[in-house]
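Below are the chains, spelled out letter by letter.
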Amino acid sequence: METPRLALRGLTRRFGDFVANQSIDLTIQPGEIHALLGENGAGKSTLVKMVYGALRPDAGDIVWEGRVLPPHDPKTARGLGIGMVFQHFSLFEALTVLENVALGLDAPGPLPALAAKIRRVSAEYGLPLDPDRDVHTLSVGERQRIEIVRCLLQSPRLLVMDEPTSVLTPGEVDALFTTLRRLAAEGCAILYISHKLDEILSLCEAATVLRAGRVVASCDPRQETAASLARMMMGADLARPPRTAPPPRGKPRLVLDAITLPTTAPHGTDLRGVALEVRAGEIFGIAGIAGNGQTELFAAISGEQLAPAAADILIDERPSGRAGPAARRRLGLCTVPEERNGHAAVPIFSLSDNALLTGYERANLTRRGLIRPGAARRFAAGVIDAYKVRCNGPAAAAATLSGGNLQKFILGREITQNPGVLVVSQPTWGVDAGAAALIHQALLDLAATGAAILVISQDLDELLAISHRLAVLHAGSLSAPHETGSKSVAEIGLLMGGIPAGAAELVAHAA
Amino acid sequence: MRLKIEPRASAAPALNALVPALSVVATTIAAALLFAILGYPVGRTMYAFFIAPLASANGWAELALKAAPLAMIAAGLAAGFRAGVWNIGAQGQLTMGAVAGGGVALALPDAQGPWVLPLMCLCGLCGGMAWGALPAFLRIRLGVNEILTSLMLTYVATLLLSALVYGPWKDPDGYSLPQSRMFSDAATLAPILPRARLTVGTLIEFLLPIGLWFTLRHALVGFSIRTAGAAPAAAAYAGFPESRVVWIVFLTGSGLAGLAGIFEAAGPIGQLIPQITPGYGFTAIIVAFLGRLNPLGIIPAALLVALSYIGGDTAQVSLGLPNGAAGVVQGLLLFFPLSADFLVRNRLRVVA
Chain A
1 METPRLALRG LTRRFGDFVA NQSIDLTIQP GEIHALLGEN GAGKSTLVKM
51 VYGALRPDAG DIVWEGRVLP PHDPKTARGL GIGMVFQHFS LFEALTVLEN
101 VALGLDAPGP LPALAAKIRR VSAEYGLPLD PDRDVHTLSV GERQRIEIVR
151 CLLQSPRLLV MDEPTSVLTP GEVDALFTTL RRLAAEGCAI LYISHKLDEI
201 LSLCEAATVL RAGRVVASCD PRQETAASLA RMMMGADLAR PPRTAPPPRG
251 KPRLVLDAIT LPTTAPHGTD LRGVALEVRA GEIFGIAGIA GNGQTELFAA
301 ISGEQLAPAA ADILIDERPS GRAGPAARRR LGLCTVPEER NGHAAVPIFS
351 LSDNALLTGY ERANLTRRGL IRPGAARRFA AGVIDAYKVR CNGPAAAAAT
401 LSGGNLQKFI LGREITQNPG VLVVSQPTWG VDAGAAALIH QALLDLAATG
451 AAILVISQDL DELLAISHRL AVLHAGSLSA PHETGSKSVA EIGLLMGGIP
501 AGAAELVAHA A
Chain B
1 MRLKIEPRAS AAPALNALVP ALSVVATTIA AALLFAILGY PVGRTMYAFF
51 IAPLASANGW AELALKAAPL AMIAAGLAAG FRAGVWNIGA QGQLTMGAVA
101 GGGVALALPD AQGPWVLPLM CLCGLCGGMA WGALPAFLRI RLGVNEILTS
151 LMLTYVATLL LSALVYGPWK DPDGYSLPQS RMFSDAATLA PILPRARLTV
201 GTLIEFLLPI GLWFTLRHAL VGFSIRTAGA APAAAAYAGF PESRVVWIVF
251 LTGSGLAGLA GIFEAAGPIG QLIPQITPGY GFTAIIVAFL GRLNPLGIIP
301 AALLVALSYI GGDTAQVSLG LPNGAAGVVQ GLLLFFPLSA DFLVRNRLRV
351 VA
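Same order as they appear, the protein sequences are chains A and B.
Residues in the first sequence are numbered from 1 upward in steps of one, following our numbering.
Residues in the second sequence are numbered from 1 upward in steps of one, following our numbering.
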């Protein structure tokens, strides 16, 4: 047997009393695509940060190609050939691709030579990238390519990818997988972190499953099913949301009447005549790649950005385009923004105070302008209980919760306020499969009570699983809606890509 | 080898509670060292600085008289700082409060009755608010940085007051000194205690910060202010528009500064002079931070800073301590709590 590219032996890391990783063993061979699976908070990020040298282990060894590594930092790691593509990119939007790559390299060398190298490597691996483009003009998929190419330029021997497909279209996912398989064939080891079980089944040849900081299983995903992997990951069977019935024909509870709204953000996207109608009992999905107006659309509906005319937005037939978020909430519109930290919740505030953030009126948490601390605490405790939020009770600061748990709290906070219309952006972004299933079920249950639900998501699988109707947002315009299941994934992918030239190729790929 | 700063996972609560006490001790030691280096008798200087002002009832009264306006202005500013609104111009707002309220007193020299003083206070409040409304408006409508506008308007206010007391409002019987006529009895805050200069204004100045604390902690409007400072996007999402929060905190801070201005003019001063208070509006910024932007912490902070000012004067008069040395001690008083605060939240680590 050849020397493993990377072997972890008994790796342990604590944060105070909390054990994030407990005696982790893991072995990756050269050329192997190895999945690291686990729910949010299972310890995946801690583990890869130790491999990358961003965190020091408290105990255990990192063995690189047969040699025990002394404590190292990310720069040493890059020198050894360990590359990492993070879930959230660190790119400067105002700079070009070339400049961004150069900034991320330890020894970029002269820029013209680097540009040529980027062109060559990106073409070689099927990751077309123009070094002279400004980053803000690129799609999320293209931005990810910058990060990957940056790693490839350093001839990686181990590539760590943290949830790389959460932002990609189906076509882009296929292209990425082709690249990864090719890299593996050349001998590069790949550590692939994902929640998406079907991806792991189709891509990986080994998997290590973490639960609560420990390795609970090592297996060959090719011998497993999605259900068996999910069981290992969570220790329980995934509750699958039922396949949804044909769209309900209730009365429209949320109507956007061709909203046209210039963006307020630099490099943002203007909304162009976005029209839609969400009916009572319906879940309406908006698909699309990030940066195509999702942020602007959410702000326009939530009231953080006012529409040009009151009649542009109807909530239960009442014109509300000129009303702010508080007034719209009074009319029954509750919302969940995409960004949890600092938008949907205040990280340094307790969960009680975060309950107050949107519930001060609808949940009766104030009286004559004064806060009712007891009521806020009870409300938060109720949400924690009903949505299985793992935390130290209502007094815990939001920042201490893992992403999935905070998301459950935020969604629970809104649903508990009994909204007539609920708008949710990226309901399960960065959330583990268990929390995602719970969130989807909660949305379906709410719809069943007659609420209208609008889900803005980049996760097409999610929208296909829960929504009755779908429309695609591209460059600030919304496509005509259609019933879920009436269009193929490839067709939706085409719409997400904006249809024109080049898209045909994507479809061919997907087919 | 180098030093690295990293945030602590959790700040020890015991350590947190010790910060104010430890920093006072550290200030005392550093001050003693400073006096020794300068060649002053350490014991006597320390006594003059920190003990003598408190050795008599009158000393305590003077301390309260100085601390009260500092506490009220600082509490008002703290509300703004909590919201991320940087009103640096309390000194100007205080001056305009004195001008507006004092203007009433000078316009009605013969007025009698209990309504005169409340009217003056109301005008003082509004004068301060008007001066604070300008930078608030400029920030909300035009995106102008309020630090610059509020600060520069302070100089405008000071010059306006000078123009008035050197010109139209000069006391005709005042030997050409730049000062207004004394306010009439009906327009003067009478001392509430014998042989002390404390007035009902002093009392209000200590009580209002408590009201502000209650509002910040227990009222929805206070919650909106804290949210705006902690996460502006979350505040907008919650339905607390930025413009509303900016108006509220600016008008609160500047109104209280204006009120402090008229309390000074109608209280211990009794007339308008070119300089209302030795820069309380600026000192209040220090007090606000020393009190950790919590109105309840601001009251002891104001007393401490007031003590350092009075003690500095005492030491200068009795021992000839240079003015600069007193300034250094006041600086230390701010330096230690702030750096201790930083070290409680972060730790220094030696990196190989």
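If you're looking for bench data, these hints aren't it; they were derived computationally from the structure.
Treat the hints loosely; a few may be bogus.
Unchecked claim - From the structure, some residues in chain A lie toward chain B, with a derived Cβ separation under 8 Å:
id : residue
1  : 329
2  : 342
3  : 369
4  : 371
5  : 374
As the list claims (entries may be wrong) - Here are the in silico distance ranges between beta carbons for each label pair:
id : chain 1 : residue 1 : chain 2 : residue 2 : range
6  : A       : 385       : B       : 279       : 20 to 28 Å
7  : B       : 331       : A       : 385       : 49 to 57 Å
8  : A       : 90        : B       : 327       : 38 to 46 Å
9  : B       : 203       : A       : 364       : 55 to 63 Å
10 : A       : 445       : B       : 214       : 36 to 44 Å
11 : A       : 388       : B       : 331       : 48 to 56 Å
12 : A       : 116       : B       : 346       : 43 to 51 Å
C-beta: ideal position from N, C-alpha, C; glycine also.
So, going through the hints one by one against the coordinates:
no. : hint                          : result
1   : 329                           : holds, 7 Å
2   : 342                           : holds, 4 Å
3   : 369                           : holds, 5 Å
4   : 371                           : holds, 6 Å
5   : 374                           : violated, 12 Å
6   : 385(A) <-> 279(B): 20 to 28 Å : violated, 54 Å
7   : 331(B) <-> 385(A): 49 to 57 Å : holds, 52 Å
8   : 90(A) <-> 327(B): 38 to 46 Å  : holds, 45 Å
9   : 203(B) <-> 364(A): 55 to 63 Å : violated, 37 Å
10  : 445(A) <-> 214(B): 36 to 44 Å : holds, 41 Å
11  : 388(A) <-> 331(B): 48 to 56 Å : holds, 53 Å
12  : 116(A) <-> 346(B): 43 to 51 Å : holds, 44 Å
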